[in-house]
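**Q** So you can see what is in the structure, the chains are spelled out below.
2 protein chains.
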Amino acid sequence: MRCDVLAVGTELLLGQIVDTNSAWLGEQLAANGIDSLVQVKIGDNRRRIANQLTAMLAEADAVIVCGGLGPTHDDVTREAIADVMGATLERDEAVAAVILEMFTSRGRRMAQNNLRQADVPVGAALIAQTRGTAPGLICPVRVGEAEKLVFAVPGVPHEMREMFERAVLPELRRRSDAGSMIVSRVLRTWGESESGLNERLDGVIAELDALGNPTLAFLASGWDGLKIRLTAKAESEAACEVLLDEWEGRVRDVVGELVFGVDDDSMESVVLDMLRTKSLTLGLAESVTGGLVAARLTDIPGASDVLRGSIVSYATEVKQQLLDVPEGPVVSEEAALAMARGASKVLGSDVAMALTGVAGPTEQDGMPVGTLCVAIVWQEGELTRTFRLPGQRQQMRQFSVINSLDLLRRTLSG
Amino acid sequence: MRCDVLAVGTELLLGQIVDTNSAWLGEQLAANGIDSLVQVKIGDNRRRIANQLTAMLAEADAVIVCGGLGPTHDDVTREAIADVMGATLERDEAVAAVILEMFTSRGRRMAQNNLRQADVPVGAALIAQTRGTAPGLICPVRVGEAEKLVFAVPGVPHEMREMFERAVLPELRRRSDAGSMIVSRVLRTWGESESGLNERLDGVIAELDALGNPTLAFLASGWDGLKIRLTAKAESEAACEVLLDEWEGRVRDVVGELVFGVDDDSMESVVLDMLRTKSLTLGLAESVTGGLVAARLTDIPGASDVLRGSIVSYATEVKQQLLDVPEGPVVSEEAALAMARGASKVLGSDVAMALTGVAGPTEQDGMPVGTLCVAIVWQEGELTRTFRLPGQRQQMRQFSVINSLDLLRRTLSG
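As they're listed, the protein sequences go chains A and B.
Residue 32 in this note's numbering sits at position 32 of the first sequence, with consecutive numbering throughout.
Residue 268 in this note's numbering sits at position 268 of the second sequence, with consecutive numbering throughout.
Just so you know, these hints were derived from the structure itself, not from any lab.
Don't be surprised by glycine CBs; every beta carbon is placed ideally from N, CA and C.
Take the hints with a grain of salt, since some may be wrong.
[To be verified] If you want the footprint, here are the derived chain A segments under chain B, 3+ residues with CB under 8 angstroms:
| hint | region |
| --- | --- |
| 1 | 82 to 89 |
| 2 | 198 to 206 |
| 3 | 248 to 254 |
| 4 | 317 to 326 |
| 5 | 373 to 385 |
Isolated chain A, as found in the complex (with noise of 0.2 angstroms):
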C-alpha cells in the first residue's frame, strides 16, 4: 500500500508558512506499515492541483490531499478533486445547515462563502467536520482497473490530525494488505559528528546492509543532536521490537555513552526524569538564553514537579540587586557561578543552574559572541564550564540550551 501526499497552498510555496502536515502524515502512515514515498507541495490553482493529482495517483494507491478547502475564493482543492473524479460538485444540504448552525449558536452572523464548505463532488464520501467548518472527503478515482482514493483534509494542523485519525487511516488499513509491520526506533545522541558516528558504527552498517533489515540512518536534527534511526519490518509489532531490541544493544555496546535517549525523550525530559528519581529541585539563572531553558522544560507536562522558577536576569543590575553578582564583567564563569549561588538561594532550590552568554549581533566584556558560561551548584559541589558554539542568536541560543543541559545530566549521573 502506497499512500503519497499533496499540500495545497501558495502560502506554501513562498515560504509563508511551511508544510508540516506532511511529515506528521508521513510518520504515521510508516507507523502503519503504509510507504510515503512522494510528498509534493503545490499552490493555489485548479488546473495545476488536478494534473499534479492525476500524475501521483498513477504511481501511488491513494493520496491525502491537505489544505485548500476553507471558505475564501482561493481554496479550489474541491474543484480540482470533481475533475479528476469527473464529477461535478453539488451543495450538502445537511452540510451547511450545520456550519449555519455553528455561527447562529455562537451568536455571529455567518458569511455566505462559509457555505462553499458544504460543495462535494458527487461520488465522494463525507468526513464529517468536528472542530472547524469543513468536512473532509473520501473520493474514488478509477485509474484504469483500479479504484483508487484521494482524501482531502483541511490545512489546520490540528483539524487534519483528527480526521486523520478518525476517517483516513481505518480505511487506508481496511484496504491496504496489512501483511507487514515497519517499527522504528530512535536513539538520540549528543556529542559526536555525523561522519564520526557513521564511522564508529561502520561494522554494525555493514552487517546491516548484508541484513537488509533493520536498516540503519542517521538524521542530523541541528540544536537537538544527532538521532540513529533502526527501522525494522516484520510480520507483528512484536516481532519488530524483538529486532530493534537486538540491534538497539548492538549499536549501545559502540556508542553507548552518547546516547542521551529513545524516541519522544528529549534532553529535557530525561533532565527533569532524572531529577524526579533523585526528589531534586531545579532553580535556574538566565541571562543569554532569556527564559528559553524554563521555557523548553515547562512545556513537559509534570515539570512542575521539579522546576521551582528562573530568574530571566537580563539588565546587569538584576543580576547584581536578585542575584548578588558581584561588580564586574557579566560573561565570566565566576559571575555563572554568583548567578547559580544566588538563583539556588533566592529559588530555594536543591540545585541551580545559571547561564551567561554573548548571543550577538555583537560581542560584549571583551567576548566573542558564541561564548557561554555555564556554572552548576548542587549539594555535592559546584563546577563551571565555557563552551565556545556556532551560529546565529537563535541557533546559538538553542545550542546553549542543550548542551548546558546536557552538563547538567552529565553532573546528575556522576
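Using the hints provided, position chain B relative to the given structure of chain A.
**A** Quick look at chain B alone, frame taken from chain A:
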C-alpha cells in the same frame, strides 16, 4: 523562469525532520521574480531521485536539489544527478585535498567515506564549499532543445542558504529574462477569524479580482495570527511598491485596527519598539508560560534596551516569597496583579506584566485548562484581564504569549 525544488531524504518522508529548506527557497525565488510551482520531497533512493528529477525538468527550467550530498552510505544525490546527465562520477583531487586539510588542521583523523564528497559528475561545475565539507554542483541537462540546470546543495539549512546566495541565485538571475519583479507585502493581524476578514474585505477582493494585480490571500499562522498577503507584479521593485502602498491603504481603511505589523514585524518586535520609543523598561512575572514570553522577546536583537528580566515563578512558594503574592488561589486576576506589582518592584521596571493560568493537562484551583489571567501595571494605572484559550499545552502557552503581548500593545498605544 521557473525553478522547482526537490528535497532529498528518507527522514523527511518519515517525518523525523521537517523540510524547511524548500519554503525558504520559495521565498527567495519569489522575491527575485522566479516562479517555484512544485516542491517535492523524496527518499534516499537513486532510481527514484533520478526519475523525479527527469519529470520535474520536463516542466521547470531549473531544479534545486537539497540534501543527499553528505559522506554516509545513504547519500546518493550525486549518483542520481549523474544518471540524469548520462555522465559518470570522477573524483576531484583538489576538493579531496581541501576535505583532508579540513580534518588535519583540526587535528582530527579523516574517515575515508568523507572523500565521496569530492566525486563530481563529468560536465558539472563546482560550487566551492566554505562551511561543511561537501561542495555544491551546477549540472547542465539537455531536455529536447533546451539546456536546463540542476543545482545540488547541502541539506543543512545554513550551508544551503549560503551556497544559494553565493552561487545559485546569481546563475538563475543571469539566465532569467529578469523582465518582471514580484514583490509581496504581508499585513499581520490579530483578533479576527479568516472568514470574518474575508467578508469584511469582500469589496476590496472583488476589485482586485477584476484587476488581477496585485493579488490578495489570507494566511492562517495559528498562534501568530492571520496574515493578509498582497502580491504585486511589475517591471521594477519600485513599481511593485507603488501598487502595494495603494492597496495596503485600501485594506487598512477596512480592517486597520486589527493590523499590528507589516512583513517581518512580529508581535514581539512591535511591543519592544513601542516601549523603546517611549523610553520605558519592561519586567515580567511568568507562571503558566514558564519563561516563554521572555524567551520570545529576547530572540529579538536589542531586547536588552527594554527588558529588565522575568521572574519565572513556577512554584507557588516562589510567587509568595519573591513576588509577595498573598496566600490563596494562584490562578486569578488578583494573583496576576500581585505578581505584576512584585515584578515591577524586584526588577525595577517602568512597566510590568504578569501571566498565570492553566496549561493542563488538568485543571488547577478550580479553573479549567485554557484559563489565562494577565495583569499589567504601569505609571498610569493597572489592569487585569482573563482569557479562555483553546488548545493543548503547547498551543495554550503560545496563545498566552501573543494575547498578553497584544494586550500590552493596546495598553501602550492608549
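**Q** All the hints need checking, so say for each whether the structure fits it.
**A** Now the hints, each set against the structure:
Check on the region 82 to 89 of chain A: 0 of its residues sit with their Cβ under 8 angstroms from a Cβ of chain B, so the three-residue criterion for coverage is violated. Given a C-beta distance limit of less than 8 angstroms, the hint that chain B covers the region 198 to 206 of chain A holds, as 3 residues qualify and 3 suffice. Check on the region 248 to 254 of chain A: 0 of its residues sit with their Cβ under 8 angstroms from a Cβ of chain B, so the three-residue criterion for coverage is violated. A count of 4 residues in the region 317 to 326 of chain A with a Cβ less than 8 angstroms from any Cβ of chain B is obtained; the coverage claim is therefore met, three being the minimum.
Here's how the region 373 to 385 of chain A fares: 0 of its residues keep a CB closer than 8 angstroms to some CB of chain B, so the rule of at least three is not met and the hint is violated.
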